[in-house]
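**Q** Given next are the chains, with one letter for each unit.
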Amino acid sequence: MYCKCGKKAIIFRRYSGEKLCERCFNKSMIERVKKVIRKYSLIEKNDFIAAAVSGGKDSLVLLHILKKFSEKYPFDLIAVTIDEGIKGYRDKTIEIVKKNCKLLGIESKVYSFKKELGHSMDEIAKRDRKLSACSYCGVFRRYLLNKKTRELGCNKIAIGHNLDDEVQTILMNFLRGDLSRFGRTGSYYIYSNERFVPRIKPLREIPEKENVVYALSNNIEVGFSRCPYAGEAYRNDIREFLNKMELEQPTTKYSLLRSYDKIYPLIAKNLAKKVKYCEKCGEPTIGDICKTCEFLEKL
Amino acid sequence: MIKVRFLREDKEELVEYKEDLKIEDILRKFGYSSETAVVKRNGKINTEDENVEDNDDILIISVGSG
Chain A
2 MYCKCGKKAI IFRRYSGEKL CERCFNKSMI ERVKKVIRKY SLIEKNDFIA
52 AAVSGGKDSL VLLHILKKFS EKYPFDLIAV TIDEGIKGYR DKTIEIVKKN
102 CKLLGIESKV YSFKKELGHS MDEIAKRDRK LSACSYCGVF RRYLLNKKTR
152 ELGCNKIAIG HNLDDEVQTI LMNFLRGDLS RFGRTGSYYI YSNERFVPRI
202 KPLREIPEKE NVVYALSNNI EVGFSRCPYA GEAYRNDIRE FLNKMELEQP
252 TTKYSLLRSY DKIYPLIAKN LAKKVKYCEK CGEPTIGDIC KTCEFLEKL
Chain B
3 MIKVRFLRED KEELVEYKED LKIEDILRKF GYSSETAVVK RNGKINTEDE
53 NVEDNDDILI ISVGSG
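First to last, the protein sequences are chains A and B.
Take the position in the first sequence, starting the count at 1, then add 1; the result is the number in our numbering.
Take the position in the second sequence, starting the count at 1, then add 2; the result is the number in our numbering.
Just chain A, same shape as in the assembly:
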């Protein structure tokens, strides 16, 4: 299989019919991310962007691409990592993050569950609890990311959500009837709040597989290990279903994303709940008490 330039292809995009060599693929990746940033004005002059970097392929590919852009456009970049306290997993990926940041000349900040909230994920996982480990982890991670990046003075958080993450989330929320969350998966925010740092998702139109190919072809050191507590069964089922559909009918994932993006402006204002402040900690929440305070009380 050969690229249109005549070189050997390293990837075949079934959804578009393109066969791309390493050079054309890398060029195309950068162009597509740029297009998403422009389309939704995700990055503006003098932004101070915190890249949420876990050490996995998506966040590190995002960091490398943003660094490339920051050399041309006037915005500042910092890497922020949340250490959930998962021995043998997160400690290894934090080392990978540090190596990448050193290589790119980006400042790196690490905040831990244990130090900031009093409990590591290893401790939480051992407890007798009603909710999955992922439920605690997701709530605490989002809470710390927002709080710490705001304290750093960042005005945006860039996260490495890819096309697969986006369409899985859209479908999951729709099937569960969680319309409040369904109205929050768009590429921009309807409501702004001074204590809420908006998240941007420059990779939301890049398939997960292409992030892996980009990391490999650019020799980006990424962590490929799996979280020992991962196992969100429902998401895994949705992922399998979408991958099966994409094989049978390429463009399924893009069609779903495009449909969602078309209805997003119509549903977001009606479905997204207004942001308030937690009565206990003062952090932004949609309830009276934020999920972090609620969970911490139960632990």
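A portion of the hints provided could be inaccurate.
Stated by the list, open to error - Straight-line alpha carbon distances no greater than 20 Å define the calculated DMTMM-like cross-link-like pairs of lysine to aspartate or glutamate that follow: (1) A:K281 with A:E152; (2) A:K20 with B:D51; (3) B:K42 with A:E222; (4) A:K9 with B:E55; (5) A:K9 with B:E52; (6) A:K116 with A:E295; (7) A:K9 with B:E26; (8) A:K245 with B:E26; (9) A:K127 with A:D92; (10) B:K46 with A:E222; (11) A:K5 with B:E52; (12) A:K35 with A:D77; (13) A:K9 with B:D51; (14) A:K88 with B:E11; (15) B:K46 with A:E23; (16) B:K31 with A:E241; (17) A:K9 with B:D58; (18) A:K245 with B:D27; (19) A:K69 with A:E45; (20) A:K20 with B:E26; (21) A:K8 with B:E52; (22) A:K9 with B:D59; (23) A:K93 with B:D12; (24) A:K245 with B:D51; (25) A:K93 with B:E11; (26) A:K148 with A:D77; (27) A:K20 with B:E52; (28) A:K292 with A:D129; (29) A:K149 with A:E117; (30) A:K46 with A:D77; (31) A:K100 with A:E222; (32) A:K36 with A:E19; (33) A:K277 with A:D289; (34) A:K88 with B:D12.
Bear in mind the hints are in silico, worked out from the structure with no lab data behind them.
Following the hints, complete the assembly by docking chain B onto the known chain A.
**A** Just chain B, lined up with the frame of chain A:
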């Protein structure tokens, strides 16, 4: 024989070589598809339609999450 290594799973398998065996056949044999894995053949990223040769070293990188 073809050596098949799995990066995320940290394991290795041997597959008997057959004429016209393609990378996609190997992926299918282990429950993967072009949507769920990237393949390096003898150290280079390859498309799934390519034939493999005897004594090839195949590395399967599960796309997974993370």
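**Q** Each hint should be assessed against the structure and marked as holding or not.
**A** Against the structure, the hints:
Of the supplied pair hints, the one linking K281 (chain A) and E152 (chain A) holds, its CA atoms being roughly 18 Å apart against a limit of 20 Å. For a cut-off of 20 Å, the pair hint linking K20 (chain A) to D51 (chain B) stands: about 12 Å separates their Cα positions. For the proposed pair K42 (chain B) and E222 (chain A), the alpha carbon gap of about 16 Å is at most 20 Å, so the pair holds. Under the criterion of a C-alpha separation no larger than 20 Å, the hint pairing K9 (chain A) with E55 (chain B) is consistent with the structure, at around 17 Å.
For the hint pairing K9 (chain A) with E52 (chain B), the CA-to-CA distance comes to about 11 Å; that is within 20 Å, so the pair holds. At most 20 Å may separate the alpha-carbon atoms for a hinted pair to count; K116 (chain A) and E295 (chain A) meet this at roughly 18 Å. The hinted pair formed by K9 (chain A) and E26 (chain B) meets the criterion: a straight-line CA distance of about 17 Å does not exceed 20 Å. With a CA separation close to 15 Å, the supplied pair K245 (chain A) and E26 (chain B) stays within the 20 Å bound.
Distance hint between K127 (chain A) and D92 (chain A) is fulfilled; the C-alpha atoms sit about 19 Å from each other, no more than 20 Å. Of the pairs offered as hints, the one joining K46 (chain B) and E222 (chain A) holds, with about 16 Å between alpha carbons and a cut-off of 20 Å not exceeded. The hinted pair formed by K5 (chain A) and E52 (chain B) meets the criterion: a straight-line CA distance of about 17 Å does not exceed 20 Å. For a cut-off of 20 Å, the pair hint linking K35 (chain A) to D77 (chain A) stands: about 17 Å separates their Cα positions.
Of the supplied pair hints, the one linking K9 (chain A) and D51 (chain B) holds, its CA atoms being roughly 12 Å apart against a limit of 20 Å. Simply put, K88 (chain A) and E11 (chain B) have alpha-carbon atoms about 18 Å apart, close enough for the 20 Å limit, and the pair holds. With a CA separation close to 10 Å, the supplied pair K46 (chain B) and E23 (chain A) stays within the 20 Å bound. Between the alpha carbons of K31 (chain B) and E241 (chain A) the distance comes to roughly 17 Å, so the proposed pair stays at or under 20 Å and holds.
Proposed proximity of K9 (chain A) and D58 (chain B) is supported: the alpha carbons are some 18 Å apart, at most 20 Å. Among the hinted pairs, K245 (chain A) with D27 (chain B) is consistent with the structure: their alpha-carbon atoms are about 17 Å apart, no more than 20 Å. For the suggested pair K69 (chain A) and E45 (chain A), the alpha carbons sit about 15 Å apart, so the restraint of at most 20 Å is met. For the hint pairing K20 (chain A) with E26 (chain B), the CA-to-CA distance comes to about 16 Å; that is within 20 Å, so the pair holds.
The suggested pairing of K8 (chain A) with E52 (chain B) holds, with an alpha-carbon distance near 15 Å, which does not exceed 20 Å. About 19 Å separates the Cα atoms of K9 (chain A) and D59 (chain B), which keeps this hinted pair within 20 Å; it holds. Note on K93 (chain A) and D12 (chain B): the hinted pairing holds, with a Cα-Cα distance of about 16 Å set against a maximum of 20 Å. Using a Cα cut-off of 20 Å, the hinted pair K245 (chain A) and D51 (chain B) holds, with the two alpha carbons roughly 18 Å apart.
For the hint linking K93 (chain A) to E11 (chain B), the alpha-carbon distance of about 16 Å falls within 20 Å, and the restraint holds. Annotation: proposed proximity of K148 (chain A) to D77 (chain A) holds, straight-line Cα distance about 19 Å (limit 20 Å). A hinted pair counts as satisfied when its Cα atoms are at most 20 Å apart, and K20 (chain A) with E52 (chain B) qualifies at roughly 13 Å. For a cut-off of 20 Å, the pair hint linking K292 (chain A) to D129 (chain A) stands: about 19 Å separates their Cα positions.
At roughly 10 Å between alpha-carbon atoms, K149 (chain A) and E117 (chain A) fall within 20 Å of each other, so this suggested pair holds. Pair hint K46 (chain A) plus D77 (chain A) holds up; C-alpha atoms about 9 Å apart against a cutoff of 20 Å. Taking the CA atoms of K100 (chain A) and E222 (chain A), the gap is near 8 Å; set against the 20 Å cutoff, the hint holds. Distance restraint check for K36 (chain A) and E19 (chain A): the Cα-Cα separation of roughly 18 Å lies within the 20 Å cut-off, and the hinted pair is therefore satisfied.
Among the hinted pairs, K277 (chain A) with D289 (chain A) is consistent with the structure: their alpha-carbon atoms are about 7 Å apart, no more than 20 Å. With a C-alpha separation of about 18 Å, the suggested pairing of K88 (chain A) with D12 (chain B) holds against the 20 Å cut-off.
Violation of the numbered hints given earlier is absent; every hint is satisfied by the structure.
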